[in-house]
Amino acid sequence: MIQESVLSVQNLSVVFHTPDGDVAAVSNVSFELRSGETLGIVGESGSGKSVTASSLMRLNNSSTATTSGSILISGVDVLTAEESVVRRIRGSEIAMIFQDPLSALNPYYTVGKQIAEAYLVHHPQSSKAEARSITLEMLKKVGIPNPEKRIDEYPHQFSGGMRQRIVIAIALINNPKVLIADEPTTALDVTVQAQILDLMKELQKEFNMAIILITHDLGVIAEAAQEVLVMYGGRIVEQSTVDALFSEPTHPYAWGLLGAVNSLELSGRGSLATIPGSPPSLISLPSGCSFNPRCAYSSEICTTDVPALRVVGSQGSVTACHLPNDEIISLGRKAAAR
Amino acid sequence: MFMFIVRRIFFALVLLLAVSFFTYMLFAMLPSDPAALTCGKNCKPDVIAANRIRLGYDKSLMEQYWLFLKGIFAGRDYGTGAAAFSCSAPSLGYSFGQHECVTTLIAQTFPVTAYLSIGAFILWMLIGISTGAVAALHKGKWQDRAASIFTSIGVSLPTFYIGLLVLFSVVIWLRILPFPSYESPFDNFATFLRTMILPWLVLAVLSAASYTRLTRNGMLEAMNEDFVRLGVAKGLTTRLILRRYVMRQALVPIVTIAGLDFAGLLGGAIITESVFSLPGMGKMSIRAVVESDLPVLVGTTMVAAVFIVTANVLVDIAYGYLDPRVRVK
Chain A
198 MIQESVLSVQ NLSVVFHTPD GDVAAVSNVS FELRSGETLG IVGESGSGKS VTASSLMRLN
258 NSSTATTSGS ILISGVDVLT AEESVVRRIR GSEIAMIFQD PLSALNPYYT VGKQIAEAYL
318 VHHPQSSKAE ARSITLEMLK KVGIPNPEKR IDEYPHQFSG GMRQRIVIAI ALINNPKVLI
378 ADEPTTALDV TVQAQILDLM KELQKEFNMA IILITHDLGV IAEAAQEVLV MYGGRIVEQS
438 TVDALFSEPT HPYAWGLLGA VNSLELSGRG SLATIPGSPP SLISLPSGCS FNPRCAYSSE
498 ICTTDVPALR VVGSQGSVTA CHLPNDEIIS LGRKAAAR
Chain B
77 MFMFIVRRIF FALVLLLAVS FFTYMLFAML PSDPAALTCG KNCKPDVIAA NRIRLGYDKS
137 LMEQYWLFLK GIFAGRDYGT GAAAFSCSAP SLGYSFGQHE CVTTLIAQTF PVTAYLSIGA
197 FILWMLIGIS TGAVAALHKG KWQDRAASIF TSIGVSLPTF YIGLLVLFSV VIWLRILPFP
257 SYESPFDNFA TFLRTMILPW LVLAVLSAAS YTRLTRNGML EAMNEDFVRL GVAKGLTTRL
317 ILRRYVMRQA LVPIVTIAGL DFAGLLGGAI ITESVFSLPG MGKMSIRAVV ESDLPVLVGT
377 TMVAAVFIVT ANVLVDIAYG YLDPRVRVK
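Protein sequences appear in the order of chains A and B. For the first sequence, the working numbering assigns the number 198 to the initial residue and increments by one for each residue that follows. For the second sequence, the working numbering assigns the number 77 to the initial residue and increments by one for each residue that follows.
The hints are simulated quantities; they were obtained by calculation from the structure and are not laboratory data. No experiment lies behind these values; they were computed from the predicted model shown. All residues carry an ideal CB built from backbone N, CA and C; glycine is no exception. Be aware that one or more of the hints could be misleading.
Unchecked claim - Among the chain B residues that face chain A by a calculated CB cut under 7 Å, a handful are:
id, residue
1, 130
2, 310
3, 401
Stated by the list, open to error - In silico contact screen, one side only, chain A against chain B (beta carbon under 10 Å); selected entries:
id, residue
4, 254
5, 278
6, 281
7, 283
8, 284
9, 286
10, 287
11, 296
12, 300
13, 304
14, 306
15, 318
16, 322
17, 347
18, 351
19, 367
Whenever a hint applies, use it, and build me the whole structure from the sequences.
And the structure:
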């Protein structure tokens, strides 16, 4: 079944203007999202994944950031539309859940009020009683026990996992087409992480929505996503299916990420494999391929030319690397098997 | 919550008792003889001796303090026979400088201080919060810089300087207003307003400065909170976000400090009252200092202490309502 595209991002670039100079946080990012699909975005801190996410709802401060490209959702270009149009899209067509569920909730109002508020702003004709009953229903759906009582409690009275469920309830109250989950499990205990991921998968089926899952945790990607974008230095360096990423990764950076995960899972002892060096400063990105100072396969051309994205291998993966195709495939398989 | 309030009030009373003790002792230990101050320079020793006995200054300090404390609840009689008089409860002592019960004096002067405080307080909250909000909403632009200049001036210039400057320019130089002469609003409302407008403004503008800063910083801090971002992501209008998310958070410390500031003002705006010659508690305190009229000083100090301690309790209780996280169960 071919699902309709609900979100189309073309050549998204975000530049932050800081006193120290311009920061190219995101450069030339393009992707499509179909309903019911989960797209994972992986990368280190500062790789541009969160900025990409907040651009999708135009949450970046326009006075300090310049955003270019196009973001189409329901026929509207989020980047150029009127503020009132974007406001109608926010929370109804596209919703977001944040990393830290405590700081994401307003401490001064009950959770019921915060969920109902999200519903009422997009359903101005509804009564408060209506909003409350819909809120109660939503609380049940996200697995809050005893919702009739807890609807009138404040965020600090909930545990971390329960708070994230509240944030999910706020996000889904208007049945959005796209849900952006920015590190939704990072601040939670490991056992709670799995519960939240399961809940998101379950609700995704029920609401048939697309999810953009932003994480630095490849385990979360393997668990929940079908498509993956690997970002580095504000650029997409690999775009593939999850299966392809784990069986035939096509970018040296992805090899490093997989190596770090595999060394943990397989040996149990010995040292943790790491990628040498540290993430680049976005103010002064290395010339050519941003990854070249940390790459074991770097050559002359990597320091001068930014590699274009191209299809490599049998699984349709797209990569941005100067290595020849056959070398990428053999090195990639080796990295996956390690 | 009820137990919390009861406990809070109990400790407030203990605190007031301690304040009364130290205040009384401090003033009693000053190297002046209150009995000698009861009559003028050419006072005869036997009159002084009689007054000493009549006002109770012949007793030990602890005994004097006990009589003072008892007077608050039971009233106090001075002397015996034809020269006897009494101050009914709550008696804060007898002013030998003004030949009047201290409680009566405070009852006469307090309304002036209250009118000054309430008017100035309303004005300064309006000015402070609105300029702070404008500065926060236009961070880095000219409005913000103007507000920042305003706050620097407000916090650095003393009241007596600005007060005299305003008095000179408006009353003496421009002659827009007559020289202030206080009249009760019930007797002559127009004169009352003409007298009060300058002290209200001076006090409000100077006090507003710190509220401008508090509002601006509180709002900017709130704007960086994740929950404000979630509010935007919900699709809420800017106005709703400012009201329910940004201002709601910024107001918590403002209410706390405003409560204490207002109580402090009720204890007597000494400088403002002196500059604009308003017959309030502050001006009376200054006069009492000059005349070493100790009972008046003890009385006004006690009244100020009651306001500040009460405000502290109220602020503590209000805090629980403002911030659900500190609500006591």
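Hint check results:
no. : hint : in the structure
1   : 130  : 59 Å, violated
2   : 310  : 4 Å, holds
3   : 401  : 5 Å, holds
4   : 254  : 6 Å, holds
5   : 278  : 13 Å, violated
6   : 281  : 9 Å, holds
7   : 283  : 9 Å, holds
8   : 284  : 5 Å, holds
9   : 286  : 7 Å, holds
10  : 287  : 4 Å, holds
11  : 296  : 8 Å, holds
12  : 300  : 4 Å, holds
13  : 304  : 6 Å, holds
14  : 306  : 7 Å, holds
15  : 318  : 5 Å, holds
16  : 322  : 16 Å, violated
17  : 347  : 14 Å, violated
18  : 351  : 4 Å, holds
19  : 367  : 7 Å, holds
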